[in-house]
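Take the sequence shown: its position 111, counted from the start at 1, is 110 in numbering that gives the first Met the number 0, and no numbers get skipped.
No lab work stands behind these hints: they were computed from the structure.
Watch out, some of these pointers could steer you wrong.
Using 25 Å as the maximum straight-line C-alpha spacing, the simulated DMTMM-like pairs for lysine to aspartate or glutamate come out as follows [as the list claims (entries may be wrong)]:
hint, residue 1, residue 2
1, K40, E131
2, K6, D26
3, K6, D37
4, K40, E121
5, K6, E131
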Amino acid sequence: MSVNENKEWKPLIVAFCCNWCSYSGADTAGNNRASYPDNVKIIRVPCSCRINPLFILRAFQRGADGVLVMGCHPGDCHYTTGNYHTRRRMTLLFSMLNYLGVESARTRVEWVSAAEGARFAEVVTDFTKTIEELGENRRLEDLRCKTN
Numbered sequence: 000m001s002v003n004e005n006k007e008w009k010p011l012i013v014a015f016c017c018n019w020c021s022y023s024g025a026d027t028a029g030n031n032r033a034s035y036p037d038n039v040k041i042i043r044v045p046c047s048c049r050i051n052p053l054f055i056l057r058a059f060q061r062g063a064d065g066v067l068v069m070g071c072h073p074g075d076c077h078y079t080t081g082n083y084h085t086r087r088r089m090t091l092l093f094s095m096l097n098y099l100g101v102e103s104a105r106t107r108v109e110w111v112s113a114a115e116g117a118r119f120a121e122v123v124t125d126f127t128k129t130i131e132e133l134g135e136n137r138r139l140e141d142l143r144c145k146t147n
């Protein structure tokens, strides 16, 4: 029996959060001591529209089991229309992931404002449960760089 077989699997979740709303929402969640899973890696971006779909593919390639894209509510973007661009881009990405055979539930777009710390924790917890039910993401395993 190898050492890895004794470990309980925990999904790796990558969350791309816009600086102005959802990242601040994560900060609010922390300040309010709202608990959410510790296996969520937050990547801060200036705006959700700056998230290139290749970033998400790269996260899956690097071993992510799920990817969250979080930004300001539509109409409240610091850069006016950034989240509208995000919505269009992610729709195209979802069709590409479907083509690659990656389950659509492994990627989610959510709008969380700076004042919604509890909502941030709720979204992250719910998404983590969804990924735990799906299990490990093995679909893009052949693209991953393996280290021994």
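Hint-by-hint comparison with the structure:
| no. | hint | verdict |
| --- | --- | --- |
| 1 | K40 <-> E131 | holds (16 Å) |
| 2 | K6 <-> D26 | violated (30 Å) |
| 3 | K6 <-> D37 | holds (16 Å) |
| 4 | K40 <-> E121 | holds (16 Å) |
| 5 | K6 <-> E131 | holds (15 Å) |
In terms of the numbered hints stated before, the structure departs from hint 2 and from no other.
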